[in-house]
Structures are given as C-alpha cells and as structure tokens.
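A.B. asks: Next come the chains, spelled out residue by residue.
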Amino acid sequence: MGNEIDGFVLGACVHAGAMGKLFEVTGREAGFPMLMKVPILDGAAESAETLLAFETEAMILPRLSGIHAPRFVAAGDVSSVPYVVIERIAGESLDHRARPMPAAEAARIGAAIADALHDIHSQGVIHLDLKPDNVIIREDGSAVLLDFALAHHRALPDLLAQEHRYAAGSAPYVSPEQVRGSRSDPRSDLFALGVVLYELATGHLPFGVPRTLAGLRDRLWRDPTPPIAHLRDIPPALQEVILRCLEVDAARRYQSASHVAFDLRNPDQVPLTERSRRRMSLGFGEQAVRWWRARDVARMAIGSRGDEEAAPVVMVAVDTTHPDDPRQPDLQRATRRILSLSREFRLICVAVVSSPIGAPAASEKDVQLEHRIRLRHWLAPLEVEAERVSMHVLEAADPGNALVEFAGRNNVDLIVLGAPAPDERALAWWRSVASSVTANARCSVHVVRRAPRSSPINGDF
Amino acid sequence: MALALLADIHSNREALEACLAHARARGAERFAFLGDLVGYGADPSAVVEIVADHASRGAVVVKGNHDAAIAREDGYLNESAQAAIEWSRTVLTPAHRAFLEALPLVVREEGACFVHASAVAPERWDYVDSPGAAQRSSRAAERPYTFSGHVHDQVLYVEDARGRMIAFVPQAGVAIPARPNRNWLALAGSVGQPRDGLPSAAYALADIERGRITFHRVPYDNLAAAAKIRAAGLPEVLAYRLERGV
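So the sequences go chain by chain: A and B. Under the numbering used here, the residue at position 256 of the first sequence is numbered 242, and the numbers go up by one with no gaps. To convert, take the position in the second sequence, counting from 1, and add 19; that gives the numbering used here.
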C-alpha cells in the first residue's frame, strides 16, 4: 500500500470489521510489532457511536499498564485522522481454539483470563466486551485482552453512558445488568468469563445467540443448562465455578476475578454447593417463578458496584514446624483483625516446610498431611467459613522465595506473617524469611511480632 | 499552556493562595477567575487585590452574583450571605468596589467561554446543575469549552453522539482527555467554600492545546480562615462550613 500517516507506514490489512480496519504498520520505532486501528466512518447513524467507542479506546489504552493489554503507541487527532497504534500481540486468538476442550485446559485458560481481568480491574478498568474474539493466549499461557472500545474507566468520563443498545457488548456474552444499561460493575466481566468458560468446556453457548432484545432479556431470569448436561465428564468443581460466574444477581457471583483464578487453579479447594450437583435445568415451576420476579426489573438492584478492594485475597504464612510457638496467638489475632475489615475476603493459609534434598519419597505424603492437619488446627479458632479458606503446604528449600512466588501466582493482596523480635536469636531463621518476603513481594506485607512485654525496670523488684 | 480555573473564592485568602501556589507549581501560566471573588469570607480586600493584580497581567475575570451584590441588591441571597455582603461593603475600598462593578458577565475567547453561571442568560444566575442545563449553557457559549462556577461542586459535562450531555464527577489529580471535537462544560468547584464534605480547596487546570483537564483538591489552613470569620463577627455557620467542607 505504501500509505503513510503521521510517520507510520501502512502495511497489509489484517482485519476488516464493521466498525474498523486493522493494518500492520512500521516506520516508527516502538521496539515491538505494531497495528494501526482505523474506524470506518461513513456518515451513517452508527458512525457517531463508532467514533465514541473509538475515542473510548484511545482514552483508556494509554492508561493501562502490564502484560494483559496491548501497549499503546500513538493516537491520531480524532477530528482529522482518527487512528490508534498499538502493540501487535504474538499468540493465538482464543476464537481459533477447538471446543469443547479438555476441562483442565479450559480451566487453565479461564484462570489466565481471570488473571488478566483482575489486572485491569485493579487499574479501574472494566472490559465489558469479553469474548473469545477479544482474547489472545501467548505462548507462555498468559492471556491478553483486546478491544477496549466498550470499556469503562473509573476515573474518566464514560462517553458511552447513554448508548444502551450499542454499548451492551456481544449478545451471547453480555451480563444481565449490561442488558439493563449498567456499565460500571466489574462483576459484569465475570459473567462474560462464565460464558466463555462454559463455551470452552462444553462447546455450547449457555444462552445461545440471541438476535432480539427479548432474547437478551432471557438472561435476567433464566438459569443455563448445567454444563454437565452437555458433557458428562465436566468436573463438579468446574461446573461450580462456571455457574457461580453466571449467577443473574451479581452479588451471588464471585466478587473478584482473583477469586475465580484461584478456584480454577485449585479445584480440590472449591467448596461444592448445589450448583455443582445440578444435572438439568431448573424445573418449569422454578423457572416460572424467576421469570415473574424478573418482570419487576426495578427490584433487581443494578450493580451496587463490586469493589475489588473490598474483596481482598489475604495469605497468611504459618510456621507449622513450631505449632506451640508462643507467637501463634499473635498471628491469629492479627489475621482475625485483618479479615474483620472486609466481608468478602479469600484467605489462603500456607505452611512452608523446608525440603531436605534427597528425602525419601515415601515420607513426603505424610509430611504434607501432618502439616495440613496442623494448619487446620491453627485456623480453627478463627471460625472462617470453609468457602473462604484454602490450605496449602509448600515444600521448598527457600521459604521466602516460595511464599513470594505463591503469592504472585494467586493475586494475593496482603501477606501476613510472623517475625521474631530483634532479641529472639533462636528464631533468626524466620526473621530472614520475613525480611526476604517484605523485600521481594509485589503486594503489601503485614509483619506480626509478639506484643512487647513490659520490660522490667532496672532496680525494680 | 496550562490555564488555572478558579471559581467561588468567596473572600478566602488562605484557600486562594494555596490554589495559586499549587497551580504555579504545575506550570500554570494563565489564570481565569470564574466569579464570586467575594462574599461569605473574611478577606474580601486581599482577595480582590490578588485577583486585580492577575487581571492587570492578562487574567480572565468574570462577575459572580456575590460580586454584583456589593454594588446593589441583585437577586436572592440567604441571610448569612446577605450579612457577609453588608459587612464586605464596609471593608472594601471604593477602588475595590469599582473593580468588581466593572467585571464582565461573560468572556469569550477563540476556544473557550468563561461565565460564572449559565451562558444562556448570565445575569439570571441560573445554576448549571443538570445535563440539560449544561447542554443549554454550552450551546449558548458557542465554544468547545465552557468554564463555570456558581455550583460549588466539581463536575465535567461532555457531549455524546446525539448532542446530549453526560455528567461526570472527576477524581482529583487525574488528567482527563477532553478534545475539542466534542463540547465540554467544566464546573471548577469552589476555591473558598467547598460543600462536598471535604474541606480542601477545589480548582481545575485546563490545557486547551493538548485537550486535557485536571481537577485538583488542595489542603489549606481552613481553620485559620474560619477563625477570621468568627473574629470579624460574621455568622457562625460560615466558619463552620469551612471547618467541615459542608
């Protein structure tokens, strides 16, 4: 083609959709391959909306950082040559993956998407148009989200606030609250993730492809056919996660993408409810009741905006090698206090056991079991509901490193751990763990010490 | 070039000086004072002198309803506001009063319109407190950017695909892209008497060339300003408002 815009040389057109075209571009040095997105503005009624969506993406992309969205390079002047230039992501579009795929693979991809959602949500952005088309899986298994044209940024004006029909996302994936005009609830993305997971695992769409508004409104009341009715070997834990994402009432879904990621990676820790046991759709009677309720649209509160910060993942590191250490109650008290600050938390209890190199394999299982039992006993006085807790025994030569890595993998917001006071020489080992975790963790760290005992005053007896 | 937008100073010298310093530290080279320099607070003379000094160096200044009330009764003012106006008349010099009297109701530049209340009929002091009112004021302004005060909140209105306005409550310190292909109406908030529960002074910085608006909140010595109000014998409620930001 050889056309040039603002120093970018246009290459091949790699995609042409109804709203815009994507070109390979070169000419400016970004350090990575680039794509230029140009909106199609033909003067028709929709082009005003296309421009709003285009401006929305051009506003939000430069504000996103991290590996889960394409990097932003440049934007053209909206009134003369509208375009955005972004990073071209190397990887495979999720839309090209065959489905159904094995449950473990679906869960792995689902967890990668949940990580990506957690990342953008914690930057104040809601995607609102999640679907396989808009997800690229990199070679390392991480997910990148594309197309922020319908997205919402907490700190920017929402140009699409009044474009209810246009901005409601893609019909098979859109959440019930979006159908009703809400654009500010991060949990809408978790509903779409549930649809994607359902599709990957079963090869079916839970709500089909609605073509009318009435068809869309179905999801305000209809419970989808349980995945297991399509494929008998769907694990109950996966069905539990999918159906929880697809709850009509956002308050009954997961409250944070990080919790979804965690459950998909730790299926043995997912508490199974009635959702995991459904074998067929609800009976006619129950569906009729739900339909009747949904008629009263006003009664369903539009997303009292889910708040990532109010649903933290807290990880507590417990020294199960010394269960009788007098510092344990201090750690328990601190943990209880932290959990009391939020209603919707997830607690991960971790024991780190130093693994001597070349230990006999037969004893490993016993070690795991022994420490898991000790964790359970440590946790018991806190009286946390089972569905909020998971327990893990990590065996590692370098416990500090193991804790930091585990926390990073599971989107932990806060690590709580004990440390000896400066004068407690016997426990110097834990001190080095605490300082290594504090120095290297990417999240907040709460270091607990024993309440200082009143020191004896000299000459007082 | 950064343009500082300062509305509803209301004789609060401490708040004004804090905002001016904050704006200069962020590269502000131009200043626009969006009306209600006086009223409510205890430092009308100092505030008028600071603003007049900026005006002599090219700052935009428009008249607010409290400024107009110094010369003559002009529209309704509540009891405490009326008391403050009567007290202000006793401390302002004839030169200060002449400066206020001579202020224009509206100033239009190439890309922007400055007006205290609605540009539809500035002398009626109508509140721009809804998307509809914002749409009417923006149309009457006939500029991509309209900068106003009067409503003591910080709100940014932007026009959507069908010419309707969308209201947005900004977060302090976040630069918002605001390009002139759409119409924007910014309420800068109140420098000298914020009422949203935060006592910190409110103003905004616009960069018209780069199409950016940033709203700011600036902590200042509000207790000192409140103490001066009490010392001047002005109504207690006016001191309390500064202490609590209500």
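Any given hint might turn out to be false.
[As the list claims (entries may be wrong)] Distance ranges between label pairs, derived from CB positions:
(1) B:V256 - A:Q255: 26 to 34 Å
(2) A:G(-7) - B:P238: 54 to 62 Å
(3) A:P257 - B:V265: 43 to 51 Å
(4) B:P238 - A:V370: 57 to 65 Å
(5) B:G216 - A:R322: 25 to 33 Å
(6) A:S422 - B:R45: 45 to 53 Å
(7) B:E68 - A:E15: 47 to 55 Å
(8) B:R45 - A:L368: 42 to 50 Å
(9) A:A383 - B:R45: 46 to 54 Å
(10) B:D148 - A:A200: 32 to 40 Å
(11) B:G182 - A:D119: 31 to 39 Å
Hints in this document: simulated from the structure, not taken from any laboratory. Every residue, glycine too, gets a C-beta built ideally from N, C-alpha and C.
A.B. asks: Against this structure, judge whether each hint is valid.
C.D. replies: Okay, the hints, checked on the actual structure:
no.: 1; hint: B:V256 - A:Q255: 26 to 34 Å; verdict: 58 Å, violated
no.: 2; hint: A:G(-7) - B:P238: 54 to 62 Å; verdict: 44 Å, violated
no.: 3; hint: A:P257 - B:V265: 43 to 51 Å; verdict: 46 Å, holds
no.: 4; hint: B:P238 - A:V370: 57 to 65 Å; verdict: 40 Å, violated
no.: 5; hint: B:G216 - A:R322: 25 to 33 Å; verdict: 32 Å, holds
no.: 6; hint: A:S422 - B:R45: 45 to 53 Å; verdict: 40 Å, violated
no.: 7; hint: B:E68 - A:E15: 47 to 55 Å; verdict: 53 Å, holds
no.: 8; hint: B:R45 - A:L368: 42 to 50 Å; verdict: 48 Å, holds
no.: 9; hint: A:A383 - B:R45: 46 to 54 Å; verdict: 51 Å, holds
no.: 10; hint: B:D148 - A:A200: 32 to 40 Å; verdict: 37 Å, holds
no.: 11; hint: B:G182 - A:D119: 31 to 39 Å; verdict: 32 Å, holds
Hint compliance for this structure: hints 1, 2, 4 and 6 are broken, all remaining hints hold.
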